[in-house]
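Protein sequences, first through last, are from chains A and B. Each step along the first sequence adds one to the number in my numbering, with nothing skipped, and position 307 is 307. Just so we're on the same page, my numbering is the position in the second sequence counted from 1, plus 1000.
Treat the hints as calculated values from the structure; they're not laboratory data. For every residue, glycine included, the Cβ atom is placed at its ideal position computed from N, Cα and C. Check before you lean on any hint, since a few could be wrong.
Below, computed lysine-lysine pairings styled on DSSO-like, alpha-carbon distance capped at 27 Å [stated by the list, open to error]:
#  : chain 1 : residue 1 : chain 2 : residue 2
1  : A       : 47        : A       : 299
2  : A       : 107       : B       : 1260
3  : B       : 1249      : B       : 1293
4  : A       : 289       : A       : 299
5  : B       : 1278      : B       : 1300
6  : B       : 1027      : A       : 259
7  : A       : 278       : A       : 254
8  : A       : 299       : A       : 246
9  : A       : 47        : A       : 260
10 : A       : 246       : A       : 154
11 : A       : 107       : B       : 1278
12 : B       : 1065      : A       : 154
13 : A       : 65        : A       : 300
14 : A       : 278       : A       : 154
15 : B       : 1043      : B       : 1027
16 : B       : 1154      : B       : 1107
17 : B       : 1065      : A       : 260
18 : B       : 1154      : A       : 27
19 : B       : 1107      : A       : 154
20 : B       : 1036      : B       : 1047
21 : A       : 107       : B       : 1305
22 : A       : 278       : A       : 299
23 : A       : 27        : A       : 154
24 : B       : 1260      : B       : 1289
25 : A       : 36        : A       : 24
26 : B       : 1065      : A       : 107
27 : A       : 36        : B       : 1299
28 : A       : 107       : B       : 1107
29 : B       : 1305      : B       : 1047
30 : B       : 1036      : A       : 154
31 : A       : 36        : B       : 1154
32 : B       : 1012      : B       : 1249
Covered stretches of chain B, as calculated for chain A (at least 3 residues, CB under 8 Å) [what the hints assert, rightly or not]:
#  : segment
33 : 1145-1152
34 : 1257-1263
35 : 1285-1294
Number of protein chains: 2
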Amino acid sequence: MTKIWNNIPEIKSELDEVQEIINKNLKTKNTKSIEKVIDHLLKANGKRVRAGLLILSAKMGEYNKERILPLAASIEMIHLATLVHDDIIDDADTRRGIDSIQHKFGKDSAVYTGDFIFAKAYRLLAGDYDLEENRITDGMEKVCLGEVFQNENKFNSDMTVRRYLRIISGKTAAMFGLSMYAGAFESKLGNFNSRVIGNSGYYAGMAFQIIDDCMDYTQSSEKMGKNTKVDLFNGIYTLPIIYAVKNDKNNNIKNILNKKDITDLDIEKIFHYVDEYKGVEQSMELAEKYTKKSINLLKKVGRGKYAEITQNVLENLINRKY
Amino acid sequence: MTKIWNNIPEIKSELDEVQEIINKNLKTKNTKSIEKVIDHLLKANGKRVRAGLLILSAKMGEYNKERILPLAASIEMIHLATLVHDDIIDDADTRRGIDSIQHKFGKDSAVYTGDFIFAKAYRLLAGDYDLEENRITDGMEKVCLGEVFQNENKFNSDMTVRRYLRIISGKTAAMFGLSMYAGAFESKLGNFNSRVIGNSGYYAGMAFQIIDDCMDYTQSSEKMGKNTKVDLFNGIYTLPIIYAVKNDKNNNIKNILNKKDITDLDIEKIFHYVDEYKGVEQSMELAEKYTKKSINLLKKVGRGKYAEITQNVLENLINRKY
């Protein structure tokens, strides 16, 4: 379990219930191999940021646990399905500290397990919600489009900050925004307020993804090497490297990225240059701007204890080391 | 366009409208590469059997075109998405006579394009239908489970008829059943009648898939070679070969299948043995049984012109050469 929720026992325990809903929905005795895959997948717990934020924003209104937790579960399941599919593309060996599905069970299983989880998630959503479901599928579409746009920009050493922001807007921020919107709307906070809270979630998602990408360059060297290597080998250039390239007038980094084969030594050099050219520092400044935007929006409409807790969570996200 | 609907201009023209709905929903100007992929995909028209059967069963009741056509479109879109994902697994080069997405645009695009189509399909379904949406996601889950079960049984030269039937029950018949159920239910034919019509669709789907698999062994040699080779190389053994293996007491076929490398000459031999051991004949007998079951169920509850037309379509499916 994750550290984000450690100080909020109430949310932590509801997130455990969300996990139970996910487990119950995904466990299937129909097919041995999908069962094995799902069992394996459920061993790793994500941070469940999306579910947690959804619950928090719901608690700002007329909270109905029976309705909100399955909604939170479905959003985590959609996220889980996209992770399973991402791994196919990244040829990733690990995910959340365990073997990735495609590495352990093959691409075939990864494709279908992802689809199966999507179907189960949509089924949960087909429950009796006030929410137009369009909003959820809209979020899902944006995730796909973000991923596709990321693919289009692979190995593009002229990657711009703008393109990067468009990618993470789709692949991460859209679902964060949706989560907080959905929680608020289901708790009858009304159209306007829910949209503002949704936008707050959107900017929190932007910050979250930038921080995630920074952590690839600041974690312990072992972890760091592994994640970043995978991304770099796959031609995925995130904000720290984009900023560093921009600041690196001698094209040291570009010259490495444009090489045919990137060696371990090259990776070390890139790390060195990203540090030298303030890639992480500048990225974190932008993340802080997004966090501020997010919190300002939240303050506009959020009232009471849960708005405060949410604000704390958003502030903590920027300082996280996990 | 396909020959199944050639004699039913009314359905044919409504299927063209379904196609327009699909086009409109899938065209996106957001992302160049997904647009390219979708454009490519829309060039090939499938047979649209599922959509056609859905419309036909809906016409047996209080038909409301504005509600039914988007429903038919969503089911075709779910089918399309599974095809895109199937190709990743099969490493197929072509699909519906055109380059497969994964062959032309890479696995990455295939995964996300499939997911994107799913999201769009579910969005269409989120319209105002009487139907419990659970039934649709249920169908989708069955498709996934069928595919996974097929994977589990790859390269199993001891494949049984029973296992094969379980595979096609999931990957094909479930969605056929769902299509006819959904059409009937939306047209207010009531719970009982809709279920019977749904079961009729289910058996039609069983027959359809068996016939499809037989056609791999009866089409013109060029086409035949290509499709069947792919399946055999991938270790997918369908009913004609399962029956032939059963009848082949000298294990001629099994010995070939158990070889490490299957050559073109081996494929030719397999074709010869499948013919000699009546693999296709016996399969077609089973397909006819399913068709009869399907038609008998239809006769129980279907009344009027459209029940008759549906019956003709189901009968024609078994004689199709396309």
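Going down the list of hints, with the structure as the test:
no., hint, result
1, 47/A with 299/A, "holds, 24 Å"
2, 107/A with 1260/B, "holds, 22 Å"
3, 1249/B with 1293/B, "violated, 31 Å"
4, 289/A with 299/A, "holds, 15 Å"
5, 1278/B with 1300/B, "violated, 34 Å"
6, 1027/B with 259/A, "violated, 37 Å"
7, 278/A with 254/A, "holds, 16 Å"
8, 299/A with 246/A, "violated, 35 Å"
9, 47/A with 260/A, "violated, 36 Å"
10, 246/A with 154/A, "holds, 17 Å"
11, 107/A with 1278/B, "violated, 35 Å"
12, 1065/B with 154/A, "violated, 44 Å"
13, 65/A with 300/A, "holds, 25 Å"
14, 278/A with 154/A, "holds, 22 Å"
15, 1043/B with 1027/B, "holds, 13 Å"
16, 1154/B with 1107/B, "holds, 21 Å"
17, 1065/B with 260/A, "violated, 57 Å"
18, 1154/B with 27/A, "holds, 23 Å"
19, 1107/B with 154/A, "holds, 14 Å"
20, 1036/B with 1047/B, "holds, 22 Å"
21, 107/A with 1305/B, "violated, 47 Å"
22, 278/A with 299/A, "violated, 32 Å"
23, 27/A with 154/A, "violated, 36 Å"
24, 1260/B with 1289/B, "violated, 36 Å"
25, 36/A with 24/A, "holds, 14 Å"
26, 1065/B with 107/A, "violated, 40 Å"
27, 36/A with 1299/B, "violated, 43 Å"
28, 107/A with 1107/B, "holds, 10 Å"
29, 1305/B with 1047/B, "holds, 22 Å"
30, 1036/B with 154/A, "holds, 17 Å"
31, 36/A with 1154/B, "holds, 17 Å"
32, 1012/B with 1249/B, "violated, 47 Å"
33, 1145-1152, "holds (count 6)"
34, 1257-1263, "violated (count 0)"
35, 1285-1294, "violated (count 0)"
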